[in-house]
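**Student:** So the sequences go chain by chain: D and U.
For what it's worth, the numbering used here labels the leading residue of the first sequence as 704, then goes sequentially.
For what it's worth, the numbering used here labels the leading residue of the second sequence as 5, then goes sequentially.
Bear in mind the hints are in silico, worked out from the structure with no lab data behind them.
These numbers were taken from a predicted model, which means no experiment stands behind them.
C-beta: ideal position from N, C-alpha, C; glycine also.
Keep in mind that a hint or two might mislead.
Among the chain U residues that face chain D by a calculated CB cut under 7 Å, a handful are [to be verified]: (1) 23; (2) 27; (3) 51; (4) 55; (5) 56; (6) 57; (7) 107; (8) 180; (9) 257.
Calculated from the model, a selection of chain U residues having no Cβ within reach of chain D, i.e. all distances over 10 Å [claimed, not checked]: (10) 42; (11) 74; (12) 253.
So the derived label-pair ranges between C-beta atoms look like this [what the hints assert, rightly or not]: (13) U/207 x D/738: 27 to 37 Å; (14) U/48 x D/742: 52 to 62 Å; (15) D/775 x U/48: 45 to 55 Å.
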Amino acid sequence: MRERWTGVPGGRRTGVLAALALVGIVAWVQLGLAPSSLVPRPGGVQIARNFFAGALSPALDYQAGDVPAGAPPFLLRLLSALWSTILYAAAAVALALPAGLLLGFLASSSWWAVDPVCGSRRRARRSALAGTAQALLRVFIAALRSVHELLWAVVFLAAMGLSPVTGVLALAIPYSGTFAKVFSEMLDEAPTDSARALRGVGAAPATIFLWGNLPRALPDMAAYVFYRFECAIRASAVLGFFGFPTIGYFLRASFEDTQYREVWSYLYALLALVLLLEVWSSALRRRFVA
Amino acid sequence: MTSRKDEIARLHSARPRSYFMRTSLVAFALLGAGAWLWTVVGAVDLLGAHRLANVSRFLVHDAAPYPLRESGFSWQALRAWIAMMWETQAAEGAAATLWISVIAILIAGSAALPLALAGARVLAVPDPFLASNAGDQRGLEWTLRRTFALLVRQLSVAMRAIPEYVLAFLLLAILGSNAWAAILALALHNAGILGRLGTETVENLDARPLRALRLAGADRGALALWVALPLAFPRFLLYFFYRFETCVREATVLGILGIASLGASVQEARARQRYDEMLFLILVGGAIVLLADLVSQLARTWIRRET
């Protein structure tokens with residue numbers, strides 16, 4: 704790391720921090736924020752007290768006495784909400800992964816490079832056509848990513864109505880864009896040693912990409928798929944707020960009925976699911992990175 | 005003498021294998037295949053005549069900007085409509101979305117620094133960066149410090165486990181409808197993520213400068229504040245800008261809950277079934293996310309080049 708004198712008193716770190724603080728102050732003024740609005744509204748204190756009181760005793764059964772006839776037991780409802788959450792997330796990732804792999808390959812410089820060993824854009828000798836195709840593809844990928852999954856859901860709901868496919872597509876479209884972007888970056892940043900070796904023995908470009916570049920990026924890509932699956936679980940839980948039968952749907956209903964102990968059960972279930980996935984993925988990562 | 009074929013077979017059978025990995029792979033493949041099947045079955049249902057009619061009505065009629073529906077297409081009418089929409093609905097929401105995410109990411113970044121330092125295992129030992137931390141000298145203090153660091157790391161994971169949208173929903177009920185609910189929701193979630201990434205950064209720092217200053221007499225606090233933080237700063241900034249972009253993405257939708265960001269106008273247009281306006285606002289949302297993406301990429305390129 705080289706430090707250069709930049710004329711900012713205190714050095715560049717201080718300069719960066721000062722600039723960030725300045726932007727923060729502008730944002731604060733623009734929003735008209737006041738610390739006083741952090742104080743809960745009159746009814747809010749009571750809600751907060753009741754809500755946090757439920758944290759230590761999450762519900763294992765319906766909190767209210769009058770349960771409509773035919774309602775499944777609470778734990779069963781919780782499990783089915785959890786299962787829907789997993790299913791929507793899994794379906795979205797299963798759809799987004801092939802699309803993201805394809806787009807990611809096509810958007811990476813190592814795919815288009817005439818000399819595939821050079822990952823960097825600058826050094827790669829490419830035809831103008833390849834450059835244009837890659838640039839267009841990157842714009843397309845950025846556009847896929849730029850619209851939030853819930854906004855996709857809102858559009859699909861307006862066009863097609865409520866259906867599992869609506870929810871899955873809403874998650875899958877931005878996720879394929881994210882997969883594509885991250886995969887292409889990982890492919891271009893992976894070590895090029897095996898690609899060089901393959902090129903040295905005269906392998907074809909496709910062979911070099913598939914057996915040289917790709918395997919070097921694969922551990923990172925696999926780890927990223929896990930992380931994205933975790934994000935998909937969260938996003939799928941939120942889809943419930945729009946009427947899909949995932950955790951968010953029941954969480955919102957319970958909260959609006961002031962059944963805060965039930966809300967905590969849903970929150971803990973989501974937390975447990977994410978923690979489980981985290982433990983599982985880090986156990987896997989230890990094995991394939993080592 | 006072993007033949008070439010035998011040698012290959014021997015290497016093959018001696019390759020590293022893990023049943024845990026295989027089982028996980030099979031489990032995920034099954035889950036993925038099942039989910040695919042489920043989606044395909046659902047898609048067949050979606051192709052019914054009724055639904056298709058809805059889709060075509062949406063695309064042909066609802067999605068077309070209102071002034072163009074009867075009078076046919078003209079650039080002038082479209083421009084006037086866009087200008088009207090921008091002034092009356094989009095501009096304010098877009099600005100609020102940006103400012104909310106700026107404040108949120110600044111709070112998250114500041115909160116992540118102590119989380120990152122407290123969670124780092126390299127600092128959570130009785131004598132950081134000295135040889136006296138070998139296995140036979142692990143006493144009560146070692147255990148306590150390690151446990152504390154573990155708890156901090158678990159706290160980071162727990163903070164990020166609850167989606168921003170749910171956090172904002174809960175905070176709105178308590179704080180009432182103001183920007184703080186969105187800011188705190190985004191800040192909590194991102195502080196968890198940045199804290200986790202920051203911990204990894206601190207743990208992966210080059211130990212030599214830390215050890216050198218430790219030997220020169222710096223204590224734990226001085227090491228953390230004056231060595232670890234400055235060394236980790238560029239990478240922190242990298243993550244900070246990477247999360248800023250996601251923050252803007254999330255801030256666009258939090259408005260749906262009733263906070264004054266772009267999502268609030270989206271929700272209003274949706275409730276009134278003005279789908280042309282809704283689509284326009286969603287496109288504006290996409291545009292400001294692209295803008296944030298650009299800012300974030302420029303900043304990250306600058307950091308990479310300068311450090």
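**Student:** Compare the structure with each hint and give your call.
**Tutor:** Hints, one by one, checked against the model:
The beta carbon of residue 23 of chain U is not positioned within 7 Å of any beta carbon in chain D (closest approach about 10 Å), and the interface hint is therefore violated. Proximity of residue 27 of chain U to chain D is violated relative to the hint, the smallest CB-CB distance being about 10 Å (cut-off 7 Å). About 10 Å separates the beta-carbon of residue 51 of chain U from the nearest beta-carbon of chain D, more than 7 Å, and the hint is not met. Evaluation of the residue 55 of chain U hint against chain D yields a held restraint, the C-beta minimum of about 6 Å falling below 7 Å.
Given the 7 Å rule on beta carbons, the hint for residue 56 of chain U is violated: about 9 Å separates it from the nearest Cβ of chain D. For the restraint placing residue 57 of chain U at the interface with chain D, the shortest Cβ-Cβ distance is roughly 11 Å, beyond the 7 Å limit, so the hint is violated. Interface restraint check: residue 107 of chain U against chain D, minimum CB-CB distance 5 Å, threshold 7 Å, status holds. Given the 7 Å rule on beta carbons, the hint for residue 180 of chain U holds: about 4 Å separates it from the nearest Cβ of chain D.
The criterion of a C-beta within 7 Å of any C-beta in chain D is met by residue 257 of chain U, whose closest approach is roughly 5 Å, and the hint holds. At roughly 6 Å from the closest C-beta of chain D, the C-beta of residue 42 of chain U falls inside 10 Å, breaking its exclusion from the interface. Annotated as non-interface, residue 74 of chain U keeps its C-beta farther than 10 Å from every C-beta of chain D; the closest such distance is 21 Å. With a closest Cβ-Cβ approach of about 5 Å to chain D, residue 253 of chain U is found to fall inside the 10 Å limit, against its non-interface label.
A hinted range of 27 to 37 Å holds for the C-beta pair residue 207 of chain U and residue 738 of chain D, which are about 35 Å apart. Separation of residue 48 of chain U from residue 742 of chain D is about 53 Å and conforms to the stated range, judged on CB atoms against 52 to 62 Å. In this structure the supplied range 45 to 55 Å is violated for residue 775 of chain D paired with residue 48 of chain U, their Cβ-Cβ distance being about 27 Å.
The earlier numbered hints that this structure contradicts are 1, 2, 3, 5, 6, 10, 12 and 15.
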